[in-house]
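As given, the protein sequences belong to chains A and B, one line each in that order. Under our numbering, the letters of the first sequence match residues 1 to 266, in that order. Under our numbering, the letters of the second sequence match residues 267 to 522, in that order.
I should point out that these hints are in silico values taken from the structure, not numbers from a laboratory. Among the hints, a few may not be true.
[Said to hold, decoys possible] Taking beta-carbon pairs under 7 Å as the criterion, some of the chain A residues facing chain B (in silico): (1) S168; (2) L169; (3) L228.
[Said to hold, decoys possible] From chain A, some residues computed to sit far from chain B (all C-beta separations above 10 Å): (4) G32; (5) P136; (6) L247.
All C-beta atoms in this analysis are idealised placements derived from N, C-alpha and C, irrespective of residue type, glycine included.
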Amino acid sequence: MISDGLRILRYAAASGFADFRTIYTVRTWITGWLFRVLCQVSFFALIGRLIDSPEYTEYLLIGNAVMIAAMESLFVVASTSWERWTGSVPLLIAAPASLALVLCGRSVQWLASGTASATLALFLLSPLFGVDLRLPMALVVIPLIALVGLSTYCFGLILGGLVLRADSLRNVVGNLTMLSLMAISGAQVPVSVWPDWLQALSAVLPVHHGLAAIRGVLSAEMGFTEVLMHVGMEAIVGTASLGVAILGFKRFAESGRRSGAIEFGS
Amino acid sequence: MIRLALAMARFQIAAMRRSPHDLMALVNAPLFTVIFLAIVRYTGRDDLTGYAVLAPAMITVFAMALLASGEIIANDRTDGRLELLVASPSPVAVVVLSRIAMITLVSLVSVAECWLVARVLFGKAVAVPHPWLFVGTLAAIGLAMAGTASAMAGLFVLTRSARTFQNSLSYPFYILGGVLVPPALLPEWLRPLTQVVFLSWGTDLLRDSLSEAPVQRVLPRIAAVIVLGGTGFLLGAWLIHRVLLKVRNDGTVSHA
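Just chain A, same shape as in the assembly (with noise of 0.2 Å):
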């Protein structure tokens, strides 16, 4: 049962691969992906300078760095709509596999190259604007980037089964989540500048753990203990947001059955 399931999460990755390769090929994805990355950074981490502050430009540029993870695996949000464009959805509820479990895996080139973007931009651009991130510890983050990354795929199946529904709100849902989490995940300012309500909004969405646990080990001013609440609490997030999004795969077929209007998304 398990190796079943293993093997269709496999089989979808490839296909979400197969995909990302039709869009990309490794030289199209440094020279164009991966250089608006280096410059929606580098724009970010710029209004450091502009603020004449090295200080706040070292914290743009780890918030920024690390939100490049959140804003890509956030393209699950859409690419879980192009199944409709395909005409792949109702082939997969009427197969015996779980259609949950091939939305889950079928979008993960965007968790890979998410974690791979924002990694490199973190190091290749600290040495630009002058921070030290501290090598070799700082290679630890590399993990922490792929698990904000993950947290955030997790919570972007979730809006990629609502817009299964509203397939032409894929982007606009998309990119007010990622502009959103930007604003109150502690990317841009301490989450503690913002009131009360939104602060607790902020602890139970993706990144705001992650970044601080990342923003810990950089500084090397946060415990081990303390680091480790944070990863424990990103990895919760993560997978309560991955047990609703597969409840909304479920519901979403179970409905579209019911109703007949699988294909036509009403």
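Starting from the known structure of chain A, arrange chain B on it as the hints suggest.
Here is chain B on its own, set in the frame of chain A:
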């Protein structure tokens, strides 16, 4: 000709109302404003409030030029409208430019949108001590952006590789256009490049129009925006002409 342009503008409004994707930048604008104003408030740099309000507006204007205007011809081709357009007696360039002009006009609504976010959510009313300069510069930026958008609309059809890089154009342009950080604060090796980006002249002028101090060298700076934008228009008209020649010659009006 004017009737055609007005009809196309009305068509574009109707099309945008049915396409959330085209209006996405206007939905994003308030969140960008919140992010930039939060930074200004956190760092105690209230003097940069005007920067934080102008930046998301300029991001919106460019994003709509890139995503909505830039895709006009490509979408017409995909949806099968280009065939009808090429067969009709109406000049295609007028049709495309009228629609781009309407998108640019709608994108300028973001200036009021961002101002309102600052006023309502942060209690900051950005004053405009040089209102005529502000309006004149916005008009020049609008014209130049429409010119740039027409060039992109042609380019995205002529070369498939350009479409691959479409999403990559935004942030490099925001940096070189001095959208938030003035070109003077960029690394020295980048500054010459900003001189050929019309937006860098435009955003500098807009920021100056928010300051009480007298603004220096207004005419040459506005002229720079218009000349660089006009170059975009000429390039756009030429590229649209090339697109039509190519799809007619290749027999690929209705498919890529």
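Checklist entry - Looking back at the numbered hints, which does the structure fail to meet, lowest number first? => result Structure breaks hints 3, 4.
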